[in-house]
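Chain V: place on chain F using the hints.
Protein chains in written order, with this note's numbering: chain F, 37 to 152; chain V, 6 to 505.
Quick caveat, the hints were computed from the structure, so don't treat them as lab data.
Treat the hints with care, since some could be wrong.
Restraint ranges, calculated between C-beta atoms of paired labels, are given here [claimed, not checked]:
1) F:V69 with V:V463: 42 to 48 Å
2) V:P228 with F:S60: 23 to 29 Å
3) V:P111 with F:V126: 16 to 22 Å
4) F:I121 with V:P228: 21 to 27 Å
5) F:S60 with V:R405: 25 to 31 Å
6) F:V69 with V:P228: 39 to 45 Å
7) V:L427 with F:I121: 44 to 50 Å
8) V:T323 with F:A99: 49 to 55 Å
Don't be surprised by glycine CBs; every beta carbon is placed ideally from N, CA and C.
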Amino acid sequence: MVADTAIMVGVLFACSVFLILQRSVVRILFGFVLFTNAANLLLLGVSGPPEGRLPPVVDGSGAPAVDPLPQALILTAIVIGFGVISYLVVLLYRLFLDHGTTSAGELFDPERKEKP
Amino acid sequence: MNWLAAPVALPLMAALLMLLLRRQATARRTLAVLASAGQLAVALGLGLHTFHHGVQVLPLGNWGAPYGIVLTVDLLSAIMLALAAFVGLAAIVYGCFELARRREHPLRLPLLQFLLAGVNLSFSTGDLFNLFVGFELMLISSYALLTLEADDWEIQHAFPYLALNLIGGTLFLCACGLAYALFGTLNFADIAARAAALPGDGRVLVLGLLLLAVFALKAGVFPLYYWLPHSYPTLPTPVAAFHSGLLTKVGIYALLRLFGTVLPHDLTLAHETLAWLAGATMLFGVLGAISQNYIRGILAWHILSQVGFMVLAIGFFTELSLAAAIFYIIHHIVVKASLFLCGGVVICLNGSDNLDRTGHLWRCAPWLGLIFLAQAMSLAGLPPLSGFWGKLLIVIEGVRAGEFVLVVASLVASILTLFSMLKIWLAAFWSEPAEIRAAVEDRRWRPMTAAVAAMALVSAGIGLGAEGAFRVAREAARQAADQTAYIETVLGTRGKEGAR
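With the rest of the complex left out, here is chain F:
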């Protein structure tokens, strides 16, 4: 299971890096969404499989459970990631309204003159 997760994390990181390196800011945005989620999945992989582990607070049944701490970390990371991504969406929309383009290449073209 750990190997599956590792491959999945690798594929997600590769896709997100490909998307982030595109020129269209919309693709860059999707790249960042994938990027943060790849990191979350990596954290989930840290928990490992539940076999042979005991829950930190034993309830009597003794059923195996995974280490809960990485999941607590993921929860925090999801909240932070969601906040930043939604901020990024609004920022990109504002840039689109101001400059009328969704191409990062045009937005940061050094040939464009400073403050009109």
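Chain V in isolation, oriented as in the chain F frame:
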């Protein structure tokens, strides 16, 4: 030591209260000044205490390390907390003089306090994940500040800032996960204890290099600094002074803490990488500064070249060079913030900080000229100003380590710094072009200059009292690099009965 929570709790509470005071600008300003002054007092008290008694630990909720969350403050953290509070106070006071009450954005001061809370949490936390949370709190507040008062043109520079720091934050999260997988803990002291049991393990080195990349991005080290020099100049002057003084130095602090206290000291590859990246940062930063023609742009590029000096000192990684790095941080935060504020006064007087449209200032504001000259020479490293002692120590350590190429690079960077500072001096203070006039009738600039003068006095004090300041820095470096004492104190602090 419940006081350890105050540097985080004070700005958080002040910020929340200020959010309620949307219309009462006077009350907001009073609260901001009081909160920062309180932080400064607490931080100085903590500094005095840790200087004599070593690292202090506060197990939150009375759960002891390594299971509970702990705040740990040693002398290095206390110094950083004090500097954060001092720069925050100066920026807030300066902002009060600069802007009429009605024109101040009601969210600026609350966001500055949130930023301070994030910075202070990063300085005082005792585990890797809370360092991540502190960083994110700081970054999110700085994103907001960057776009809050930006116009349609400036706002585009927030995008690279946000994008690169989002990548940095995500990599940091990955590093946290990998550290947990490797050590089974996130507590600094526990990691240090367990890493000692894995001598020469390649995985520790990989983790170290990953963390190096993360903090190098936050500090603005060579290949990862693109976000900084374009975004900082778009901020309003006091906020820009705060950012430029403090935010990159949080990255430097994290490098010092991680490589000094947490990770084993034998990661030579990571240290050498740091030193060479630092050399490149110094040169490229200063060359970028020479290419600029407006004051805030020049100063923003100089942050990078100065960051190079601090990282270089960390890269040499001897006890004396760590002390030199800490001394340089103390010097740099005050000088850099005050130079940005000087630039703000120039904008107030000349209406612009484009060097083609400034002039006459030596005749109408000689004190401002003196302050600027002293701080600029200190940045370049002329004796007996504070920058000289920091650079001298770093060069001595470099010569001792035999890294002559890096020493020469640092000296070249210093001379070019002097050159670009003189460029500002000649254009803004010395030149007297006929078509430009200085608005001396604007009454704001005198109190603004007084605020900068207070910072310049502190900086001159650091330069003239360099021996005392260096003794403090040396003790801070000793505490930060003394892993055994750190582990014993943190893991030995018990929470409530049976919690360990």
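Structure-based check of each hint:
1. F:V69 with V:V463: 42 to 48 Å: holds, 45 Å
2. V:P228 with F:S60: 23 to 29 Å: holds, 24 Å
3. V:P111 with F:V126: 16 to 22 Å: holds, 19 Å
4. F:I121 with V:P228: 21 to 27 Å: Roughly 25 Å apart at Cβ, these two residues keep to the hinted range, so it holds.
5. F:S60 with V:R405: 25 to 31 Å: The hinted range 25 to 31 Å is violated for F:S60 and V:R405, with Cβ atoms some 52 Å apart.
6. F:V69 with V:P228: 39 to 45 Å: Distance hint for F:V69, V:P228 is violated at roughly 25 Å.
7. V:L427 with F:I121: 44 to 50 Å: holds, 45 Å
8. V:T323 with F:A99: 49 to 55 Å: holds, 53 Å
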